[in-house]
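Quick note, the sequences are listed as chains A and B, same order.
Its first residue numbered 1, the first sequence is counted upward by one per residue in the working numbering.
Its first residue numbered 1, the second sequence is counted upward by one per residue in the working numbering.
Bear in mind the hints are in silico, worked out from the structure with no lab data behind them.
Glycine included, C-beta positions come from ideal geometry on N, C-alpha and C.
Treat each hint with caution, since some may be false.
[Claimed, not checked] Here are the computed lysine-lysine pairs in the DSSO-like style, where the Cα-Cα straight-line distance is at most 27 Å:
hint, chain 1, residue 1, chain 2, residue 2
1, A, 92, B, 372
2, B, 68, A, 133
3, A, 133, B, 6
[What the hints assert, rightly or not] Computed far set for chain A versus chain B, every beta-carbon distance over 12 Å:
hint, residue
4, 9
5, 19
6, 31
7, 34
8, 35
9, 39
10, 43
11, 59
12, 63
13, 69
14, 72
15, 93
16, 94
17, 95
18, 133
[Unchecked claim] Pairwise CB distance ranges, derived in the manner of DEER restraints:
hint, chain 1, residue 1, chain 2, residue 2, range
19, A, 160, B, 85, 22 to 28 Å
20, B, 279, A, 30, 34 to 40 Å
21, B, 225, A, 48, 42 to 48 Å
22, A, 142, B, 92, 27 to 33 Å
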Amino acid sequence: MAETSSKKIILKSSDNEDFEVDEIVALESQTIKHMIEDGCADNAIPLPNVTAKTLSKVIEYCKKHVDVAATKPADASTSTAAGVAGDDELKKWDEEFVKVDQTALFDLILAANYLDIKSLLELTCQSVADGIKNKTVEEVRKTFNITNDFTPEEEEAVRKENQWAFE
Amino acid sequence: MALSLKRYAESRPLFDTGLYRLLTERINKERENSVLISITTNSGHLLPENLLFEILSWLPVKDVLRYKSVSKSWYATISSPHFISNHLKNNHNNNQSCILAQYYLSQGELLLEELLIDETPRVLASQVLSKSPVDNTRICGPCDGLYYCSERALWNPAINELRTLPPIIANPNPPPNTLYSCHDIYGFGSDPLTGDYKVVVIKDYWSTNDEYVSYPASVLVFSLRTDSWKYCGDLTQEYYLEHNKCYIFVKGCCFWRASSLHTDENYSEVIISFDMASHSFQEIHGPENPDIKQLHNRCLGIYDDSLGFFSVFDGILNIWTLNHEAWTKKFTIGLGCVDDFWPVGHWMNNKVLIERRGGKLVLCDPITQELKDLGFEGGSSCEGFFTYMESLVSIKDRNKSREDKERQVDNSQV
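Next comes chain B alone, as it looks inside the complex:
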């Protein structure tokens, strides 16, 4: 599996241990070995077309797109929603060794890099995707091969479709003397009931006059199907929500760690969940004592298809999972030293990614209790670690020009 996104990179991969030559050799060898097959079976039957397309649905995106040129009927079938969703189903678990990582450089610029990780695991090669359309913005995904980009766009890197979302709307009755802040927290996923792709954005209010009064944040949801935003009310109280550095969307919900401010200046840590189908919020208690103010390094992730909570304290990594509304402590792993470790998130559903001082990435396998250095330092701080997943899912805007719709929308303070 090569670095598949080199069309978004400036030049040849920077960190390349002869990989390019190795991969070219491997591809040539595969071509020699794969015999040109005949589709007649021993009994002389031809392979029926539905089985032929079943076979094609197992191919990587690049091959499938190329084979669109074979004939008109192939073009039509490969472009069909039925084929695309079959292809998506079959390719869901592929290619978990390719990662999209985001790093802050010291100047504050956010880099997007593609990492190729082998079985050791070690980073074999990496390249900066400086020509990607989501350069210097945060991304979040994949959901069916789609990524949300914080400058309000959806991106499918495999087929290079970028769709800018319409401008976000606002609370029609905002509290007096307020504006939305530029900082927002977002989540992205698909509605488990309708299959619609949705983005949820939580926006804080800022006071425009000198009085410091603060309000609970607004919740806005974008639906790809309706190509529009909806104001879903404000949260019930004020929270300060944390960005996730990995993609957290599990059982139809988005999750964020949050601090909720109490009246006496004490805050406690909770977890906020947002249900993509019902658009409802819930406050959940985390597994650890929420009032501990010591320097706890922790983050959310996914472990074994459930919400995971990873925390590092005193050189120990604790892994909890949430099932049926109860937290279970799954693992306690000694990290070897009381250095600065920050859990970043999950990888491949059952491993924990940790960052050490200087941006070094370490992978922890809770089952074997092993810690492996990925051999990669990206920059001053790892801001995102997302699996690269390919899909043919199209997000092109097939409606008439959005400008017509925009004239009717009240674009307020945002």
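Only chain A is shown next, with the shape it has when bound in the complex:
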């Protein structure tokens, strides 16, 4: 494209708030990318599944990642000092970014899934996964509201298969 990144896109949240972003930031979302390519983006792009609160967080994420990618030197990789330092800094930023309350985190997961932003989905899923490590089976059932449909014998047999995982 000959134009610079000054093209703006308007995103409309489910609660009717408009967000104006650079097109390049909006393109981090594959869903939005397809909409733009299909020519649905002349007016604001409606996102009925994402609230304003979540959308502003998502936009913050995309902006940061676009900025970092733009300032990365062309030959930086994991085998150069510059590449490693850049990656570390972004990682730290990501870690801070997901320090939100659990319900907000789930909203981010749903948004990342709907908007098809792979790196954000991975980041948020990993963060939730960290929160359910080392739990007992009962705790997990409670957390996700799941009824145990094993008979006692069946459950015993399943446990035995991987006895060491319970120690």
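Following the hints, position chain B against chain A.
Just chain B, lined up with the frame of chain A:
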């Protein structure tokens, strides 16, 4: 990250700087801090099941296996090939700080040890895995969390599956008066086209009569999918191949250093590659003058996702990489003294592991040009240094008993 393989060890870790207590404290703290979460979002939507399992695919193997007991549908999903491959993808780069190291003890016994390395890097703790099913055999891996064991088995240590391979076959038309030697060189990896796990074994011939005649070695390939060996012909000439002490499988090929014997008793050093998809061999020239007979200490490894060649000469470490069939010298690092240094292999895709006399391990970071002592001496000589990688990949033999098949196979001289 604790020593995860303690179920294969005899007793509590030997070299343990209060680690056990520290780790238990940390785990308890994590449990306190991780709030029991509710899965309803602000807008009252439930988290759909596919996203739930996406989250689970980021968990370590131990948690995932435990959560199989949650419900029947969780059991089914976690056991499914789709979940296993998703989990594999997500956990590929995890846990690079846990190492499986192999050492020869002075009596000739091969020990398998698990090492936990921190960011310094230093070895925090280690334990001997004397109860592992691959005790006193060489291992090679990981490929998707699987290791090949030189007594002809595949092992997934994370889920404790061991699968013995069927007996190796032989060249149906061997040269006269020969047997296969017990010594073999092997490689292990996955076919990039089919995803099948394969083992390649190169076996030398020995003469059974008094005449010394030698022949190029046989190449045999095992495919996990067909659960059978295939004879893929002999090499084009005689080579003496070297074992690798680290896992070398890059761009779908296995590599070994080799000496090729010329007619006038001169040998030159080359590199042999084996392509897992096409089953074809190639002889490649190494980066350094192959005819130099000085005591060069060198080995192959992986650097930055390419084949690497590490050599130590006169107190200097040279690092080369192979790209598009050409060698580039990437780094030249002074090692500080002209002591005995032997490069062992790579670690974490961009560091070189070196062994000093006495089995001491030193790590070289080519970017910072720093040499760091890992603070660990395993034994008289380091024979293997492999990352421990966890996966749920199952290698269980689901076919009918192999004995039925074996009766039909001609088990010849091996």
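Against the structure, the hints come out as follows:
{"no.": "1", "hint": "A:92 with B:372", "result": "holds, 26 Å"}
{"no.": "2", "hint": "B:68 with A:133", "result": "holds, 14 Å"}
{"no.": "3", "hint": "A:133 with B:6", "result": "holds, 19 Å"}
{"no.": "4", "hint": "9", "result": "holds, 24 Å"}
{"no.": "5", "hint": "19", "result": "holds, 18 Å"}
{"no.": "6", "hint": "31", "result": "holds, 15 Å"}
{"no.": "7", "hint": "34", "result": "holds, 20 Å"}
{"no.": "8", "hint": "35", "result": "holds, 22 Å"}
{"no.": "9", "hint": "39", "result": "holds, 29 Å"}
{"no.": "10", "hint": "43", "result": "holds, 24 Å"}
{"no.": "11", "hint": "59", "result": "holds, 18 Å"}
{"no.": "12", "hint": "63", "result": "holds, 22 Å"}
{"no.": "13", "hint": "69", "result": "holds, 20 Å"}
{"no.": "14", "hint": "72", "result": "holds, 17 Å"}
{"no.": "15", "hint": "93", "result": "holds, 19 Å"}
{"no.": "16", "hint": "94", "result": "holds, 14 Å"}
{"no.": "17", "hint": "95", "result": "holds, 15 Å"}
{"no.": "18", "hint": "133", "result": "violated, 5 Å"}
{"no.": "19", "hint": "A:160 with B:85: 22 to 28 Å", "result": "holds, 26 Å"}
{"no.": "20", "hint": "B:279 with A:30: 34 to 40 Å", "result": "holds, 39 Å"}
{"no.": "21", "hint": "B:225 with A:48: 42 to 48 Å", "result": "holds, 46 Å"}
{"no.": "22", "hint": "A:142 with B:92: 27 to 33 Å", "result": "holds, 31 Å"}
The earlier numbered hint that this structure contradicts is number 18, and it is the only one.
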